[in-house]
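**Q** Listed below, chain by chain, are the residues.
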Amino acid sequence: MNPVLTVFKRELRSYFATPVAYVFIEIFLLLSGSFTFYLGGFYQRGQADLEPFFSFHPWLYLFLVPAVAMRLWAEERKTGTIELLLTLPITMWQAVLGKFLAAWAFVGVALALTFPIWITVNYLGDPDNGVIVTSYIGSFLMAGAFLAIGACISATTRNQVIAFILTVVVCFLLLLAGYPLVLDFFRSFAPQAVVDAISGLSFLTHFDAISKGVIDLRDLIYFALTIGFWLYANAIVIDLRKAD
Amino acid sequence: MIETSQLTKHYGNLTAVDHISFKAQPGQVLGFLGPNGAGKSTTMKMIAGFLAPSSGSARVCGFDVETQPLEAKRVLGYLPEGAPSYGEMTPRVFLEFVADLRGLTGDLRRRRLDDVIGRLHLDKVLSQPIDTLSKGFKRRVGLAQAILHDPPALILDEPTDGLDPNQKHEVRALINAMARDKIIVISTHILEEVHAVCNRAVIIAAGKLLADATPAELEARSRYHGAVSLTAANAEQARAALAAVADIESIEIDPQDQRLTAFPRAGKAIFAAVSEVVKAQGIAVSELQLEAGRLDEVFRTITQPHVKEARA
Chain X
4 MNPVLTVFKR ELRSYFATPV AYVFIEIFLL LSGSFTFYLG GFYQRGQADL EPFFSFHPWL
64 YLFLVPAVAM RLWAEERKTG TIELLLTLPI TMWQAVLGKF LAAWAFVGVA LALTFPIWIT
124 VNYLGDPDNG VIVTSYIGSF LMAGAFLAIG ACISATTRNQ VIAFILTVVV CFLLLLAGYP
184 LVLDFFRSFA PQAVVDAISG LSFLTHFDAI SKGVIDLRDL IYFALTIGFW LYANAIVIDL
244 RKAD
Chain V
99 MIETSQLTKH YGNLTAVDHI SFKAQPGQVL GFLGPNGAGK STTMKMIAGF LAPSSGSARV
159 CGFDVETQPL EAKRVLGYLP EGAPSYGEMT PRVFLEFVAD LRGLTGDLRR RRLDDVIGRL
219 HLDKVLSQPI DTLSKGFKRR VGLAQAILHD PPALILDEPT DGLDPNQKHE VRALINAMAR
279 DKIIVISTHI LEEVHAVCNR AVIIAAGKLL ADATPAELEA RSRYHGAVSL TAANAEQARA
339 ALAAVADIES IEIDPQDQRL TAFPRAGKAI FAAVSEVVKA QGIAVSELQL EAGRLDEVFR
399 TITQPHVKEA RA
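Protein chains in written order, with the numbering used here: chain X, 4 to 247; chain V, 99 to 410.
Careful, some of the hints might be misleading.
30 Å max Cα-Cα, derived BS3-like pairs, lysine-lysine [unchecked claim]:
{"no.": "1", "chain 1": "X", "residue 1": "12", "chain 2": "V", "residue 2": "222"}
{"no.": "2", "chain 1": "V", "residue 1": "266", "chain 2": "V", "residue 2": "233"}
{"no.": "3", "chain 1": "V", "residue 1": "266", "chain 2": "V", "residue 2": "280"}
{"no.": "4", "chain 1": "V", "residue 1": "306", "chain 2": "V", "residue 2": "280"}
{"no.": "5", "chain 1": "V", "residue 1": "266", "chain 2": "V", "residue 2": "121"}
{"no.": "6", "chain 1": "X", "residue 1": "81", "chain 2": "V", "residue 2": "233"}
{"no.": "7", "chain 1": "X", "residue 1": "81", "chain 2": "X", "residue 2": "245"}
{"no.": "8", "chain 1": "V", "residue 1": "306", "chain 2": "V", "residue 2": "377"}
{"no.": "9", "chain 1": "V", "residue 1": "306", "chain 2": "X", "residue 2": "245"}
{"no.": "10", "chain 1": "V", "residue 1": "222", "chain 2": "V", "residue 2": "280"}
{"no.": "11", "chain 1": "X", "residue 1": "245", "chain 2": "V", "residue 2": "121"}
{"no.": "12", "chain 1": "X", "residue 1": "81", "chain 2": "V", "residue 2": "222"}
{"no.": "13", "chain 1": "V", "residue 1": "280", "chain 2": "V", "residue 2": "121"}
{"no.": "14", "chain 1": "V", "residue 1": "377", "chain 2": "V", "residue 2": "366"}
{"no.": "15", "chain 1": "V", "residue 1": "121", "chain 2": "V", "residue 2": "377"}
{"no.": "16", "chain 1": "X", "residue 1": "81", "chain 2": "V", "residue 2": "266"}
{"no.": "17", "chain 1": "X", "residue 1": "245", "chain 2": "X", "residue 2": "12"}
{"no.": "18", "chain 1": "V", "residue 1": "266", "chain 2": "V", "residue 2": "222"}
{"no.": "19", "chain 1": "X", "residue 1": "12", "chain 2": "X", "residue 2": "81"}
{"no.": "20", "chain 1": "V", "residue 1": "306", "chain 2": "X", "residue 2": "81"}
{"no.": "21", "chain 1": "X", "residue 1": "12", "chain 2": "V", "residue 2": "306"}
{"no.": "22", "chain 1": "V", "residue 1": "233", "chain 2": "V", "residue 2": "222"}
{"no.": "23", "chain 1": "X", "residue 1": "245", "chain 2": "V", "residue 2": "280"}
{"no.": "24", "chain 1": "V", "residue 1": "377", "chain 2": "X", "residue 2": "245"}
{"no.": "25", "chain 1": "V", "residue 1": "266", "chain 2": "V", "residue 2": "306"}
Chain X is nowhere near these chain V residues, computed Cβ spacing over 12 Å in every case [as the list claims (entries may be wrong)]:
{"no.": "26", "residue": "172"}
{"no.": "27", "residue": "315"}
{"no.": "28", "residue": "389"}
{"no.": "29", "residue": "394"}
It is worth saying that the hints were derived from the structure and are not from the lab.
The beta-carbon is built from N, C-alpha and C at its ideal position, and this holds for glycine as well.
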């Protein structure tokens with residue numbers, strides 16, 4: 004069997020071996036549902052779409068995804084299994100990729116379990132299902148980007164709490180990279196080109212574009228590059244800090 | 099063959115491993131001895147391909163651990179310090195995971211799994227999460243993982259640490275049973291283990307290789323080598339009687355148990371002379387022993403100057 008798949012299977016199983024998986028999935032479903040109905044005004048809007056549902060995903064992910072990612076490498080470090088894993092005949096890339104994909108698949112399961120709301124909206128009205136599909140894709144890609152950041156930060160420490168908090172902060176800054184909170188800070192010293200580049204890094208801008216039903220190649224490339232970049236950094240961090 | 103050449107590891111200013119070179123051949127059980135922090139584990143981690151050497155190289159069965167890492171890892175079984183394993187998994191699932199990553203399939207996979215489960219007596223705990231197992235079982239799961247693919251070369255970092263005497267005995271028996279056709283490197287700071295399993299010992303302190311010899315050769319370096327110890331009813335009377343033996347260099351009496359030890363002059367054998375004197379003078383002796391040498395004393399003599407130097 005392919006080593007990536009073997010690592011993937013082990014990692015995914017480990018989520019379900021503890022209550023973590025069930026707690027996570029339940030909280031995710033509960034929050035995404037209540038945000039949609041109470042904060043998003045699902046009924047009051049009188050529109051058959053899932054915009055209020057998806058618009059809260061970035062904020063849900065901000066706290067929930069780092070919780071999934073924090074254990075990825077920090078736990079391996081803490082228990083010493085990182086030494087076991089990396090002295091088995093697999094490459095660093097296979098390990099990094101297998102673990103990341105497992106976490107991503109896990110979040111994917113949670114996301115897929117929100118399907119009743121899709122059925123509900125189809126029952127209540129006649130939504131544009133194409134938009135809903137692209138929104139799901141966008142949401143899944145964004146979760147992957149959050150996870151890649153979390154995996155990389157998790158590799159820097161053996162303490163899961165530190166990994167969690169740092170990941171939340173980094174994700175928060177990236178979420179809001181297109182907003183004044185972040186941009187004003189950079190405007191004070193950086194040239195306009197840099198400020199524009201940073202605003203282009205914003206998760207929200209790219210997610211909004213996809214969840215409007217437009218799959219722009221640039222948005223896909225953006226998420227793919229973000230994931231690739233952070234996983235690459237993940238591998239480098241592990242290589243550099245193996246001894247700690 | 100496991101071979102290191104000028105293997106070195108720096109952590110910032112600290113040199114954890116300092117130009118260590120040795121070769122281990124099939125059939126050899128090489129014991130790595132050294133005080134804590136001597137660089138034993140770091141050396142093993144470099145051979146296992148976990149840490150990259152700062153300079154020098156290591157080869158396992160001809161594969162360079164840096165340029166051919168996968169090939170080197172395939173022929174090596176490795177038990178990391180503390181025998182880490184995934185606590186939420188059961189031994190069976192854990193071993194199957196390792197078997198998959200080792201590329202074992204079909205009949206061979208089943209046979210190897212059965213073999214290590216039987217050898218390490220894991221059958222009763224196979225479906226219990228590893229977290230809930232005793233320390234002895236955890237260590238055995240780690241060992242099972244290391245020998246699962248029947249590797250020609252084995253590195254075991256403190257394989258008996260934390261085990262009770264019965265378990266230690268079992269693990270040593272296992273190592274002895276595998277020793278015939280494998281290259282085995284074990285690290286330990288238990289000196290009796292060197293006698294029990296190793297046919298060669300390497301002493302490391304402060305990252306430097308200080309001695310490389312058989313346990314018997316190491317013992318021969320001891321000042322106790324060839325000395326004769328006895329417990330007499332009257333130690334002072336025995337001392338006075340033995341003072342007449344020409345080849346005895348000095349006599350010491352242990353203040354605690356009144357055991358007397360007579361040290362020979364260099365290159366002289368004194369056992370016959372001592373027993374002669376004891377018999378002739380009618381000294382009441384409850385025990386009389388020829389000393390082979392004391393490893394712990396040799397170990398201290400070799401490593402102590404370096405340990406102090408490292409602290410200074």
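**Q** Quickly compare the C-alpha distance for residue 12/X and residue 306/V to 30 Å and report which way the hint goes.
**A** violated, 42 Å
**Q** Taken at face value, is the distance from the CA of residue 306/V to the CA of residue 266/V at most 30 Å?
**A** holds, 28 Å
**Q** Does the structure keep residue 306/V and residue 81/X at a Cα separation of 30 Å or less?
**A** holds, 29 Å
**Q** Would you say residue 389/V is clear of chain X, with no C-beta pair closer than or equal to 12 Å?
**A** holds, 41 Å
**Q** For a C-alpha distance cap of 30 Å, please report whether residue 306/V and residue 377/V respect it.
**A** violated, 48 Å
**Q** Say whether it holds or is violated: residue 172/V keeps its Cβ farther than 12 Å from all Cβ of chain X.
**A** Since the minimum Cβ distance to chain X is about 5 Å, residue 172/V lies within 12 Å and the statement is violated.
**Q** Between residue 121/V and residue 377/V, is the straight-line Cα distance small enough, at 30 Å or below?
**A** violated, 49 Å
**Q** Are the Cα atoms of residue 280/V and residue 121/V separated by 30 Å or less?
**A** Answer holds: residue 280/V to residue 121/V is near 13 Å, not above 30 Å.
**Q** Keeping to a limit of 30 Å between CA atoms, is the pair of residue 245/X and residue 280/V held or broken?
**A** Answer holds: residue 245/X to residue 280/V is near 29 Å, not above 30 Å.
**Q** Assess, step by step, whether the Cα of residue 245/X is no farther than 30 Å from the Cα of residue 12/X, and give holds or violated.
**A** holds, 24 Å
**Q** Are the Cα atoms of residue 266/V and residue 233/V separated by 30 Å or less?
**A** holds, 12 Å
**Q** Is the Cα-Cα distance between residue 377/V and residue 366/V 30 Å or less?
**A** Holds. Residue 377/V to residue 366/V sits at ~20 Å (cutoff 30 Å).
Against the hints set out earlier in the document, violations occur for numbers 8, 15, 21, 24 and 26.
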